[in-house]
Amino acid sequence: MATQNVNRRDFLKVAALAGIGVGLAACKGKVTEEVAVEVPPTPEPVTVTVWGWWQDRMNLFQQAGDRYKQKQPNVTVTVSSFDQDFWQKVLAAVPAGTGPTLCKMITANYFKMRSENMVIELDPVAFPDSFLKEKFPNHNWQGYGRFVMPEGEQTVIFTYNKKMMEEAGLDPNKPPKTWDEFFQATQKMTKADANGTLTMEGFAYDDWLPFHNLCFQKGGQIIKHEGDNLVANFNTPEMEAAMQFFVDLAQKYKVWDKAFPYFTDAIGNRQAATCIHEAWGHGVWKSDFPEVYAELGFDVPPTPTGEASPYYGRKNMVLGLATLINRPENETSAGQNFQEYFYKEDLEGQLAVSSISGLVPAHAENLVNSKVTGDPFFALGVKISPKCYDIVEISGPFSDLQYTLMDMLFVDKKSVKETLAFGQSEMEKQITAGDITAMY
Amino acid sequence: MTSLILRTKSFFNLFGGINGPKKRMTLFIVVPAIIYYLILRYYPVFQTMILSLTDAKLLKKEYQFVGFENYAFIFKDPPFVKAILNTTMYALATTLFTVVLALILAFLLNPLPYGNNFMRLLFYLPMITSGIAIATIWLWLYQARFGLFNQVLGYYGITPVPWLISKEWALPSLIIMAIWGGVGYDAIIFIAGIRGIPTEYNEAAKIDGATDWQMALYITLPLMSRVIVFIVVTSIIGSFQVFQQVFLMTRGGPLDSTRVISLSIYDYAFSRLKIGVSASMAFVLFIIVGVLTVIQLRMQREDWEL
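Protein sequences, first through last, are from chains D and F.
Counting in our numbering, the first sequence runs from 1 upward without gaps.
Counting in our numbering, the second sequence runs from 441 upward without gaps.
Simulated from the structure, these hints should not be mistaken for lab results.
The model shown is predicted, which means the values in this text are computed figures rather than measured ones.
The beta-carbon is built from N, C-alpha and C at its ideal position, and this holds for glycine as well.
Treat the hints with care, since some could be wrong.
List time: in silico DSSO-like cross-link candidates among lysine-lysine, alpha-carbon distance up to 30 Å [claimed, not checked]:
{"no.": "1", "chain 1": "D", "residue 1": "Lys188", "chain 2": "D", "residue 2": "Lys258"}
{"no.": "2", "chain 1": "F", "residue 1": "Lys522", "chain 2": "D", "residue 2": "Lys413"}
{"no.": "3", "chain 1": "D", "residue 1": "Lys429", "chain 2": "F", "residue 2": "Lys500"}
{"no.": "4", "chain 1": "F", "residue 1": "Lys607", "chain 2": "D", "residue 2": "Lys258"}
{"no.": "5", "chain 1": "D", "residue 1": "Lys387", "chain 2": "D", "residue 2": "Lys163"}
{"no.": "6", "chain 1": "F", "residue 1": "Lys522", "chain 2": "D", "residue 2": "Lys429"}
{"no.": "7", "chain 1": "F", "residue 1": "Lys497", "chain 2": "F", "residue 2": "Lys516"}
{"no.": "8", "chain 1": "D", "residue 1": "Lys163", "chain 2": "D", "residue 2": "Lys254"}
{"no.": "9", "chain 1": "D", "residue 1": "Lys224", "chain 2": "F", "residue 2": "Lys500"}
{"no.": "10", "chain 1": "D", "residue 1": "Lys71", "chain 2": "D", "residue 2": "Lys371"}
{"no.": "11", "chain 1": "D", "residue 1": "Lys417", "chain 2": "F", "residue 2": "Lys516"}
{"no.": "12", "chain 1": "D", "residue 1": "Lys133", "chain 2": "D", "residue 2": "Lys224"}
{"no.": "13", "chain 1": "D", "residue 1": "Lys371", "chain 2": "D", "residue 2": "Lys163"}
{"no.": "14", "chain 1": "D", "residue 1": "Lys429", "chain 2": "F", "residue 2": "Lys607"}
{"no.": "15", "chain 1": "D", "residue 1": "Lys417", "chain 2": "F", "residue 2": "Lys522"}
{"no.": "16", "chain 1": "D", "residue 1": "Lys413", "chain 2": "F", "residue 2": "Lys516"}
{"no.": "17", "chain 1": "D", "residue 1": "Lys133", "chain 2": "D", "residue 2": "Lys383"}
{"no.": "18", "chain 1": "D", "residue 1": "Lys252", "chain 2": "D", "residue 2": "Lys162"}
{"no.": "19", "chain 1": "F", "residue 1": "Lys522", "chain 2": "D", "residue 2": "Lys258"}
{"no.": "20", "chain 1": "D", "residue 1": "Lys177", "chain 2": "D", "residue 2": "Lys383"}
{"no.": "21", "chain 1": "D", "residue 1": "Lys344", "chain 2": "D", "residue 2": "Lys371"}
{"no.": "22", "chain 1": "F", "residue 1": "Lys497", "chain 2": "D", "residue 2": "Lys89"}
{"no.": "23", "chain 1": "F", "residue 1": "Lys607", "chain 2": "D", "residue 2": "Lys413"}
A partial selection of chain F residues facing chain D, derived with a Cβ cut-off under 8 Å [claimed, not checked]:
{"no.": "24", "residue": "Leu498"}
{"no.": "25", "residue": "Leu499"}
{"no.": "26", "residue": "Lys501"}
{"no.": "27", "residue": "Arg585"}
{"no.": "28", "residue": "Ile605"}
{"no.": "29", "residue": "Ser606"}
{"no.": "30", "residue": "Gly693"}
Generate coordinates for the entire structure from the input sequences, incorporating the hints supplied.
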């Protein structure tokens with residue numbers, strides 16, 4: 001058998017080649033490891049539920065949810081509107097763990113829910129204080145806290161029928177500015193039959209918290225803070241003047257009658273010439289009484305001096321969405337992300353939601369939107385808002401008390417002083433019973 | 441003891457003894473209904489009774505036993521005492537006028553040879569109409585300045601009535617509406633009752649020279665006594681639970697003149713969120729209705745006659 005001796009050079013060549021080959025093989029493995037990229041797992045689909053009332057408004061939240069889905073395809077926002085027994089559903093469902101992720105809030109229940117830790121605080125990273133104060137400058141963050149986003153403000157507006165003003169010999173471009181001018185103008189616009197029964201009232205009133213506008217215009221307050229405690233401050237000269245204002249309207253100037261229909265119907269049916277009311281009434285006239293709406297003018301409410309010193313009256317902050325407890329963590333997290341999207345990016349969505357209720361929008365950039373500044377009604381609200389006082393909390397029992405006080409004056413014919421004293425004692429009882437906890 | 445044994449035996453005899461296959465089938469059909477009532481009717485009542493002895497609030501999971509504190513509170517609370525008085529007045533007035541008018545209607549409609557069914561349908565319509573729709577329409581009818589009722593009164597020179605905005609008229613206004621809604625149903629029941637009386641009695645009375653009025657008073661009404669009692673008691677029971685009309689039309693005002701027990705229950709539960717107090721009010725209502733039911737059942741017994 002023939003053998004071939006391998007010489008040293010050949011051996012070394014083969015060994016070198018082998019070594020290079022092994023080295024390359026090892027490096028290729030390493031390169032493979034470095035190049036391999038971890039594919040992130042597909043986000044799990046999650047459904048965010050939003051509950052509220054008034055279908056037309058909740059449809060706007062649903063549209064915002066649909067827009068959000070284009071950004072976050074794994075998140076489905078489902079909006080439900082309950083027009084009956086909404087709060088019974090929410091207050092029963094949340095402790096049971098069957099409530100929604102997000103809920104449209106109302107002050108009457110918000111503070112109680114907050115005190116029972118049923119609402120989750122806004123994420124301080126997504127919503128730092130500086131952002132909230134800069135972007136939502138008219139909102140009372142100290143009073144409401146960081147648990148709910150604002151939707152907009154209901155300011156108090158003076159509405160008058162320009163045609164009726166003309167018929168009464170008044171200039172429709174110069175609505176009354178002071179209380180005295182207001183009394184004179186409404187007297188001229190009031191009509192009565194031969195028996196003295198009003199056939200058209202010069203003034204209709206919004207029966208929700210009617211005294212507060214006038215009390216705040218006079219510089220009064222309905223609550224005092226003594227340390228951490230709330231104390232009723234109802235029986236004051238300013239509130240007395242407010243009640244006397246209504247008594248004078250009915251008995252001295254005879255421009256108003258409690259028997260007349262509700263203010264939206266009275267103005268809409270031309271049964272009343274003027275009204276001081278919350279801004280939402282504007283939407284009712286626009287949609288339900290378009291012919292009369294064309295005759296309406298809007299201005300700042302008349303004040304004792306004609307100026308807002310200190311206030312034009314009351315405003316009411318309308319609350320937006322809050323995140324509720326007792327939902328799965330991923331759902332809560334997705335809900336908070338949707339909240340962040342809506343209140344930071346979806347300015348048009350926010351504007352649509354506030355406009356449908358006739359609210360002054362909450363977001364600073366919407367305050368200068370041409371849809372707001374170009375509309376006389378909304379522009380007026382923006383002007384009035386900083387000069388209106390927000391009492392923050394309006395509980396159900398407190399709201400009911402105002403109806404009782406009105407009835408005491410005009411059904412039971414009690415004196416203003418008796419009514420004031422009753423209001424003071426009832427408010428004290430409500431504070432003691434915990435029905436009022438955060439009034440500002 | 442013998443009586444107890446006999447009664448127990450007679451209970452099982454209703455099913456012919458529990459061993460029979462047919463009777464087992466009967467039990468099988470009845471038991472789900474019993475379970476339904478136990479879970480969905482009796483358990484909530486029991487739970488309400490328990491809650492009424494606690495300081496439970498709607499938003500708080502935990503609550504403590506407070507004994508009869510809630511009951512002491514509600515009977516010292518002037519609005520609730522007023523609610524009991526208002527509800528009692530509402531129930532008695534509604535029932536009295538509804539029954540009397542329904543009887544008159546039944547006597548008038550019964551002899552009609554034609555159009556009887558149509559008239560009955562017409563009078564029954566309020567019963568099948570939505571309560572919310574009825575309340576909304578009547579709110580406008582009662583509107584003090586421009587409502588239809590005051591317009592008609594004004595046409596005849598009568599001073600307009602402050603229907604829902606005065607303490608004196610608010611409750612009667614609701615009673616009038618309730619009578620309008622209930623008289624048709626009661627009339628139909630009474631017509632059925634009248635037609636259930638054998639005609640021989642009236643024929644014999646006619647032969648003896650009795651007038652229509654005498655026949656109605658001495659024959660028809662006594663023989664209809666059970667039907668009348670049934671209607672009276674069920675009407676009172678239903679009236680004690682009035683809520684929808686009051687909630688929609690007056691909310692208990694003006695000045696608690698139309699505050700009723702159900703409204704107080706609702707207010708304390710969903711406005712003040714005090715479930716314990718609300719449950720005690722609900723249990724008081726349950727007791728009242730329960731007593732009336734027992735009275736009705738005892739008056740329905742065979743050995744009772746007017």
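Tested hints:
Taking the CA atoms of D/Lys188 and D/Lys258, the gap is about 19 Å. The hint holds against a cut of 30 Å. Restraint check: the Cα-Cα separation between F/Lys522 and D/Lys413 comes to about 20 Å, which is no more than 30 Å; the hinted pair holds. Using a Cα cut-off of 30 Å, the hinted pair D/Lys429 and F/Lys500 holds, with the two alpha carbons roughly 21 Å apart. A threshold of 30 Å between alpha carbons decides the hint, and for F/Lys607 with D/Lys258 the separation of about 14 Å falls inside it, so the pair holds.
Between the alpha carbons of D/Lys387 and D/Lys163 the distance comes to roughly 29 Å, so the proposed pair stays at or under 30 Å and holds. Proximity of F/Lys522 to D/Lys429 is assessed by CA-CA distance (about 19 Å); at most 30 Å being required, the pair is judged to hold. About 20 Å separates the Cα atoms of F/Lys497 and F/Lys516, which keeps this hinted pair within 30 Å; it holds. Of the supplied pair hints, the one linking D/Lys163 and D/Lys254 holds, its CA atoms being roughly 21 Å apart against a limit of 30 Å.
Taken as a hint, the D/Lys224 and F/Lys500 pair is honoured in the structure, with Cα atoms around 28 Å apart against an allowance of 30 Å. Of the supplied pair hints, the one linking D/Lys71 and D/Lys371 holds, its CA atoms being roughly 26 Å apart against a limit of 30 Å. Using a Cα cut-off of 30 Å, the hinted pair D/Lys417 and F/Lys516 holds, with the two alpha carbons roughly 26 Å apart. Between D/Lys133 and D/Lys224, the direct Cα distance comes to roughly 25 Å. Compliance with the 30 Å bound is thereby established for this hinted pair.
Under the criterion of a C-alpha separation no larger than 30 Å, the hint pairing D/Lys371 with D/Lys163 is consistent with the structure, at around 26 Å. With a C-alpha separation of about 24 Å, the suggested pairing of D/Lys429 with F/Lys607 holds against the 30 Å cut-off. For the proposed pair D/Lys417 and F/Lys522, the alpha carbon gap of about 25 Å is at most 30 Å, so the pair holds. A C-alpha spacing of about 26 Å is found between D/Lys413 and F/Lys516, which places the hinted pair at or below 30 Å, so the restraint holds.
Annotation: proposed proximity of D/Lys133 to D/Lys383 holds, straight-line Cα distance about 19 Å (limit 30 Å). As the CA atoms of D/Lys252 and D/Lys162 are separated by approximately 25 Å, the hinted pair is consistent with the 30 Å bound. As the CA atoms of F/Lys522 and D/Lys258 are separated by approximately 24 Å, the hinted pair is consistent with the 30 Å bound. Under the criterion of a C-alpha separation no larger than 30 Å, the hint pairing D/Lys177 with D/Lys383 is consistent with the structure, at around 15 Å.
Using a Cα cut-off of 30 Å, the hinted pair D/Lys344 and D/Lys371 holds, with the two alpha carbons roughly 19 Å apart. Distance hint between F/Lys497 and D/Lys89 is fulfilled; the C-alpha atoms sit about 15 Å from each other, no more than 30 Å. Of the pairs offered as hints, the one joining F/Lys607 and D/Lys413 holds, with about 11 Å between alpha carbons and a cut-off of 30 Å not exceeded. For F/Leu498, the interface hint holds, the least distance from its beta-carbon to any beta-carbon of chain D being 5 Å, beneath 8 Å.
With a cut of 8 Å, the hint placing F/Leu499 at the interface with chain D holds, because the nearest CB-to-CB distance is about 4 Å. Checking F/Lys501 against chain D: minimum C-beta separation of about 6 Å stays under 8 Å; hint holds. The restraint placing F/Arg585 at the interface with chain D holds, with a minimum CB-CB distance near 5 Å, inside the 8 Å limit. Look at F/Ile605: its Cβ gets to within about 6 Å of chain D, closer than 8 Å, so that hint holds up.
Interface restraint check for F/Ser606: the shortest CB-CB distance to chain D comes to about 6 Å, inside 8 Å, so the restraint holds. Against a cut-off of 8 Å between C-beta atoms, the interface hint on F/Gly693 holds, since the closest Cβ of chain D lies about 6 Å away.
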